[in-house]
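Colleague: Sequence:
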Amino acid sequence: MRGLIQRVAPVLQLTRVTGAFSAVANVWFVIVWTRAFEQEPGTTQIDERSIWFLLAGGAVAALGLYAFGAALNDILDAKRDRTLRPNRPLAAERISEEIAMSVVIGTLVCAILGALVLGAEAVTLTAVAAIGITIYNVAGKFVPAIGLPVLALVYAGHMLAPNHRLVFTLPVWLVMTHAMVVGGLAHTMEHRVPRLSSRAVLFAIAGWAACSAVLLAHGTAQSHGAGIWPSWVPWQAVLWIGTTAIVFSLVCYRRVRRLGFNERSGEKVRRYGTLWPAVYACAWLVGAGKLTSAWPLIALLVMGVLGMTILREAYAMVEDPIEFRR
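Letter by letter, the sequence shown follows residues 48 to 373 of our numbering.
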């Protein structure tokens, strides 16, 4: 068993598969939300195809794109990781660069194939998101004033892939904003270079504001004047989303207070931040009174948390195996 884990673990670590379920949750949310509300103008695929077929295609597309970005990041950062993060699969030479490149190509192909289930527009948005991920990994993360808005835009674009005609775009805006805030906090706490200066923060906020205006205006245009919060969306959803946002803030505050404002707490914030979009997705549906529709996302959240816990223990068993003394 340990031998199997040793062979599989480097690929799982390379693709950061433990955090990919939130990317799946973002895509699933748009599919489920569109099917749950007749006021949402769905695509032909969402209207006519089986919900389980759509969820399967969305999962493949989301997993593929997330793994593509993670693997590409490790390939581009391999040289620096040998000094700063020697435990990464490529830096520790537990996986070759050839295999890593094959993973990048294979995951991108999977993302495109999964998007085909959702329609031609989904394929286009997935390809655009892949380009955005490449731009972020090649240059954006080294220029946070540009990289943070690009990262937020990638999240929004990929989330809209199943239904680019979504009327209620506030959930997409929330995930986009969440991604940018978490990325900025983690960048600062991990003391990454270049540091976030006041000018860079202002520039990033300006980029976020421009993206927010375009996204919300797009939703308003699709709603034919119903505004950013259409009348058919229950206001109780605000309470659920507000509560989940407060809980996230408290969890992060508790960790920072306990560990200090340092790299370790930054890693925790990034990990919780990766998890939380799935929590938001469940909160939106439950708050809107669509508990029955929310079950696939609730199950995904539970499975994701369990999977993260199990894989973390498996990685620990490989990197620091338990030995018995005689």
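What the hints contain is simulated information worked out from the structure, not anything from laboratory work.
Any given hint might turn out to be false.
Unchecked claim - What follows is a list of derived Cβ distance ranges for each label pair: (1) Arg212 / Leu338: 24 to 30 Å; (2) Glu95 / Ile146: 26 to 32 Å; (3) Glu310 / Ala264: 37 to 43 Å; (4) Gly289 / Asn134: 34 to 40 Å; (5) Phe189 / Leu263: 26 to 32 Å; (6) Thr91 / Ile252: 26 to 32 Å; (7) Met148 / Ala253: 32 to 38 Å; (8) Trp279 / Arg304: 25 to 31 Å; (9) Ile146 / Ile345: 15 to 21 Å; (10) Ile293 / Ala264: 16 to 22 Å; (11) Ser245 / Leu160: 26 to 32 Å; (12) Val175 / Pro241: 23 to 29 Å.
Please read all numbers here as calculations on a predicted model, not as lab measurements.
Positions of the beta carbon are idealized from the N, C-alpha and C atoms, including for glycine.
Colleague: Please go over all the hints and tell whether each is borne out by the structure.
Modeller: Hints, verified against the model:
1. Arg212 / Leu338: 24 to 30 Å: Holds, at about 25 Å.
2. Glu95 / Ile146: 26 to 32 Å: violated, 39 Å
3. Glu310 / Ala264: 37 to 43 Å: holds, 39 Å
4. Gly289 / Asn134: 34 to 40 Å: holds, 38 Å
5. Phe189 / Leu263: 26 to 32 Å: holds, 30 Å
6. Thr91 / Ile252: 26 to 32 Å: At roughly 38 Å between Cβ atoms, Ile252 and Thr91 fall outside 26 to 32 Å, so the hint is violated.
7. Met148 / Ala253: 32 to 38 Å: At 36 Å between Cβs, range holds.
8. Trp279 / Arg304: 25 to 31 Å: violated, 41 Å
9. Ile146 / Ile345: 15 to 21 Å: violated, 35 Å
10. Ile293 / Ala264: 16 to 22 Å: Taking Cβ atoms as reference, Ile293 and Ala264 lie about 28 Å apart, which means the hint is violated.
11. Ser245 / Leu160: 26 to 32 Å: violated, 44 Å
12. Val175 / Pro241: 23 to 29 Å: Taking Cβ atoms as reference, Val175 and Pro241 lie about 27 Å apart, which means the hint holds.
Hint violations for this structure: numbers 2, 6, 8, 9, 10, 11, all remaining hints satisfied.
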